[in-house]
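Single-letter residue listing:
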Amino acid sequence: MSLTAYLPIAIMFFLALAFAAGSMVASRWLTTQNPTPEKLEPYECGIVPLQEPVQRFPVKFYLVAMLFVIFDIEIVFLFAWASRFDSLGWYGVGAVGIFTLLLVETLAYVWKRGALDWNVASRRRRRITAEFEEAA
Amino acid sequence: MTAVLEAIFGNAFWSAVVKTVVVFAILMVNTLFLVWFERRVVAFMQNRIGPNRAGPMGLLQTLADGIKLFFKEQITPRKVELGMYLAAPVAAMIPAFLIFMVIPFGEPITIGNTVVTLQGADLNVGLLFILAMSSLAVYSIVLAGWASGSKYPLLGGVRATAQMISYEAAMGLALVPVVLFASIQIADGSVGVGTMSLSRLVELQQGSFRGFIPGWFVFWLLPSFIIFMIAAVAETNRAPFDLVEAESEIVGGYHTEYSGIRFAFFFLAEYINMFNVSAIAVTVFLGGWLGPDFGLPSGIAWAMPIMWFLLKTYALLFIFVWLRATLPRMRYDQLMTLGWKRLIPAGLAWLILFTLVQAFRSFGAPWS
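First to last, the sequence lines map onto chains A and B.
Quick note: the first sequence uses my numbering, first residue 1, plus one each step.
Quick note: the second sequence uses my numbering, first residue 1, plus one each step.
Hints should not be assumed to be uniformly reliable.
[Said to hold, decoys possible] Below, computed lysine-lysine pairings styled on DSS-like, alpha-carbon distance capped at 27 Å: (1) B:K151 x B:K79; (2) A:K60 x B:K72; (3) B:K79 x A:K39; (4) B:K68 x A:K39; (5) A:K60 x B:K151.
Hints were generated in silico from the structure; no laboratory data involved.
Please work from the sequences and hints to get the whole structure.
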């Protein structure tokens, strides 16, 4: 299949871009703009904002992003194999099986290490409770 | 008339233009209807009436809202990163429109000697294209949250990113058995290669077994379908996974600082995405446009597949609305637990089980 199949996609890309950008510009032209200093403040339920927005956020989000990269790449490889499942036979199943087992092991490892526990506080609390019960 | 249509669809470029415009129009009109549908259904579930003033039964309510938003002031808060702030709504719209391009919404029509497929573009990597585009949709939310220069959008944007990428992994995992199953189905015939083209996937679901059960993939791949639907609800940020715009915690989430038509674009993209995921589920699992045409004359029969497609899609959309009217919002750690500790292991286990069963069926035991 040649690149001609992607022609409608390219046209739709420019159509959607033109529609979105065009209506934003048109709306800007057609509406009355009346900015006041209060209106332009960042939203804070009507009171004067005291803090700058946080520029640092929990490291857990980065962890999720990295795990996603691992799993998404795995899935892309699986698609390539699945579409040739029949011609690859047991050889393909074995090769992909080893690959998948490595990823299952990865998942088990990060699970055990607590990378998938979102609420760290509750995990610590559970550990403390367990230690307490052990001592009693 | 026939000659004109034949000339248009015989030419690759003009047929592409016409199809694109048709898909664009379908999505816009459909969104008008879908927003009204959701508001009406939720209203009836809550013993209210819902919008019923603008147009017959309130059908034009969304149009009225759209026009209102178009003529509203566009407030640009002081602290925004202007370029990215303006790019975000556009970046939300483009993937939403592109995804529907690869979904077949009707049986190919024959005009004169030309066969016209009712599909924007029949890509041979359709499923991968869909996954790629839904990954791109995350960018608009990150950009919107980051560029707003305000704390609630930032929190909403980061939350949305973590949520969407988590469930995207589950969604992709649920689609692998489909491709695998399709490659076996084809091998039973003559071609002998697998496919990720959505129009081929629909064709493979033709026929029936035991005479009355349709050959839809959902009957073989029910676990995949369930995982896909849960992931789809989370992917579109719908209740009960709508933490992205949890009003009680983070105001409007990533679009807090957006107003007027810029907000409308996020809203539009969300509803188009909802329609897209339902259409994908229908195409991949529920037989797409396949359905009986009751032996109607050919003048009307071409419309029946389109009707079946819309009927199935709206059945799934009704479930989306039903969930919203029924379930309370989840807590964030519950959401992540469901994604990583339930759906992904379940998807992996189902994939391994399905692969082994199909391998034994197709190739026999490896030791024999």
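Status of each hint after checking the structure:
1. This hinted pair checks out: B:K151 and B:K79 have alpha carbons roughly 11 Å apart, not beyond 27 Å.
2. For the suggested pair A:K60 and B:K72, the alpha carbons sit about 39 Å apart, so the restraint of at most 27 Å is broken.
3. For the hint linking B:K79 to A:K39, the alpha-carbon distance of about 12 Å falls within 27 Å, and the restraint holds.
4. This hinted pair checks out: B:K68 and A:K39 have alpha carbons roughly 20 Å apart, not beyond 27 Å.
5. Only pairs whose Cα atoms come within 27 Å are accepted, and A:K60 paired with B:K151 is accepted, the gap being roughly 18 Å.
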